[in-house]
Amino acid sequence: MERKRGLRFYVKIYFKIIAQDIKSRMSYRADFILSTLGMIATNIAGFVAFWLMFTKFPSINGWGYYEMLFLYGFSLVAITPTQCLLDNNWQLRQNVYTGDFIKYCFRPINLFFYFESEVFDLKGLGQLFFGIGTIWYSWSKLSIPFTFFALVKLIVFLITASFIMAAMQTAAAATCFWIMNSFYILDLSLKLKDYAKYPITIYNGLFKFIFTFIFPVAFIAYYPSQVILKPDNVPLLSWLSPLIGIGLFYLSYKFWMKGASKYDGSGS
Amino acid sequence: MNVKKYFSLTRAGLIETLQFRIALIVMVFGNLLYLTLIYFVWKAIFASAGTDVVNGMTFETTMIYLVLATALFNFMELYIVWDIHRDVQNGAIAIKLIKPMRYKDYMFWSVSGAFVGNFVFTFLPTFLVVLFVTKGTISIGINLLYFMIAVIIGVFINYEIDFIIGTICLFTQSIWGINIMKQSIVLLLSGATIPLAFFPEKFRAVVEWLPFKSIYDTPLTLLLNDDLAPEVIWSKLGIACLWAIAMSLFSNLFWKISVRQVTVNGG
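From first to last, the protein sequence lines are chains A and B.
No gaps in the numbering here: position 12 of the first sequence is 821 in the numbering used here, and each next residue is one more.
No gaps in the numbering here: position 266 of the second sequence is 296 in the numbering used here, and each next residue is one more.
One should not assume that every hint holds.
Calculated pairs, DSS-like style, for lysine-lysine (alpha carbon to alpha carbon, straight line, at most 25 Å) [to be verified]:
1) A:LYS1017 - B:LYS126
2) A:LYS1039 - B:LYS165
3) B:LYS73 - B:LYS165
If you want a taste of the chain B side facing chain A, the calculated C-beta under 8 Å gives, among others [as the list claims (entries may be wrong)]:
4) ALA53
5) PHE70
6) GLY207
7) ILE208
8) ASN255
Just so you know, the hints here were simulated from the structure itself, not pulled from any lab data.
Just so it is clear, CB atoms sit at the ideal spot from N, CA and C, and this is done for glycine as well.
This is chain B alone, in the form it adopts within the complex (with noise of 0.2 Å):
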């Protein structure tokens, strides 16, 4: 397999995501400002809760888990949804389609850059300012293995919502109410707004056969307990591949169906 092509688009979405150094900076502010809230408002809640230890979580183990949830969803959030669409309304999908790479490739490649770029400037800055804030609260070890591990899968389940989605507006040819509601429902069910430790036992039960939990509460449980028995981490794992292959064929599925029913505007 020639794997050049893949990296020639990820190089230049990363030189694309550098242009925009203003974007990058508000980003950064924007996610500082973010933090300040989340750290205040647990803060407050923690004291007021009595203890200092809500199921299994300090105020600590907390704070890491949502600060780390904010810079993935940060890097991972790339609204796909709306290129493709621009791609659909522009005619670009044409030139797309004939091109040597299936769309969803392409799509993922091209986007891969924009990934390595917030991932370098968004995520490891949060994550070395987290590590040592909290000195010692996560322990350096294969944990970080496993956790690099969850994120790519996660990564991964993440696009094949997105370019689920996308699909999908092939047919509405309307996104902003589509893609609203797959953040809120995403976020909230994959434990990004308020960790999964602290919801109530049923309506946990339910949540843990969705693939959302893959996204962000694996890895970032896979980081935070270091431990954890190895059937445990290999189970959580092997979940979340699953879950990867499973949307995957899905997408691949439905996006064969769904291409028939582009239309460009001629002109």
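With the rest of the complex left out, here is chain A (with noise of 0.2 Å):
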């Protein structure tokens, strides 16, 4: 029978191998180099494409600059984890594809661990720093006051809401047990973050709905900086966005598991 092992392990065992990530990563130091000014730019184009939007239009539905800004500032941040703890699931379809896949199989630590914990994205931590730039320039030009309080409650949020992209990217990357060629799927649920910097107030009924409940890219951002940034009047979906980003993470999880524990290799 399979043995518990306890959170410390997997915590010492995580840095061994993402320390071993890392140092064959650096070994290519020019891919590392342009892979975070590709980072960097695609951040820049975005900071101008918001930009050029509101020299002409200077506020969207009642959201102001600043508040745009803050959103956006969130979802960065938000999506984060995924790309720097997540992102073997774009090696997943090709490790089943090839059948290395059975590798991950016979190590007697947690399956989804162990094929996510290989690959660590560094660059990832750019975005980091430009969304947690983007929050704190906003927030001081809002008139919110700063608080341990809120500060506390924005960790809080923002960890909880990185979950949800964390549950897409894994339950998209999954499929590819089932179909072959799933890339057009992982890329869908990749592109469903740029629907995160936006208010969901600005859809109408029908796609509220389904952007809170079908595909939850309002938990991304919107409903979890309301507390932030209308801390008189949080609605209800506001309060229990960390309850479903780490219910929806739990289901992706146990999908990518059901999907692994299915896998017979590629009969090689």
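Using the hints, put the two standalone chains together into the complex.
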């Protein structure tokens, strides 16, 4: 019978595994630098687009420039853990297809953990700094008092919000256990992150429902950020968002593991 | 010139595209979802602007512009840079370099099937939906012809950019960063994210001097404005043509110099 391993064991082994990944990554220094530059360029392009829009249109649906900026920064930070920690999901399809995935099945540790721990995407950290900078800047311009409690709330809601994106990417990646060429599904779920930076109030009823309950992108930034932006009038869904994030991630993890358990190699 | 060899590559690419039906369905679905986002965002933007016409664009023309820009992007972005990289990595390039066709042409005609497939299955339906939904905003006439010519030139410019980027990757051996940089720069400066009409004047003046606008902005402007003076139309098409030629010459030269760099790991 499989022995349950403690959290301490996993933390220790995680750092050992990613140290190897970072070492091997650092031996391709040019690739690392270019990837980081690429990440920065995408973020700058995103900001320029944002700024261009607001030079012509000062507000969107009652949301001012700095509120939108806050939402934008919030979504950037909330998607970073997925980018950094779960990047190996993009390789899952290849691993399953070529049969290499079998090597993960023979380790006496959690399969999902082992697979994801193999890659730590350093370039995602650039995005984290961008996001934190944006939140900090927009907060300083908004007339929201900065308190210790508010900061704790922000951190808790950021962390739990990051589970939503993680859940969507994990579930999308896991489809490759059933369908070939699941790249497009993963790509689609990545594109959904673009939806997170707009307030859900711009949609009509049907799409509000879809983006809240079917593709829960509204929980990446809109609902959790309400706790900070509108502290006097927080909707119930905002308070529930941490539970929803963790719950969905758990479900996606189960889905991933279910796919992995039916995996039987490529037959070679 | 024997064109048969080119079209046999087009045919093969088309068949390959049709093989991946689920991918096609997901792509169409993803597009629809993306279009809803654009629709609601810009609706909210125009509702907040207070006026119907901003910089000569109404909500309808903005929508058509962005929807078609997205559709054009989807049929032009074929991840050619990755294909070149893969050829270098697994050594297939050695075989392809000695084929009786230039590598650049071989790549182009190989993906041309996907161009045709994507055009028919994603661009055309989108275009027809837009045409019927916005009854009468797009006028049917000679502007369609100008649009098609501009799109074809745009495809060439886009391919040249991809090929130049692919050539750069011969040196760097690293794709992701460069390709994503290219994608975000092209999409922003070509007007595919935000119509060029909304750019502040100074920014716009710079963008006018770059090749990117000929990929998306020129075809869409020619399509949406049927009252353009002939000089304007021909100068837009002329500029696009000049860019296509200039970039083609540059990419040929750059490739010629760089191909000596190719080393395939033996095995």
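Worksheet entry | Those earlier numbered hints the structure runs against, lowest number first | 1, 2 and 8
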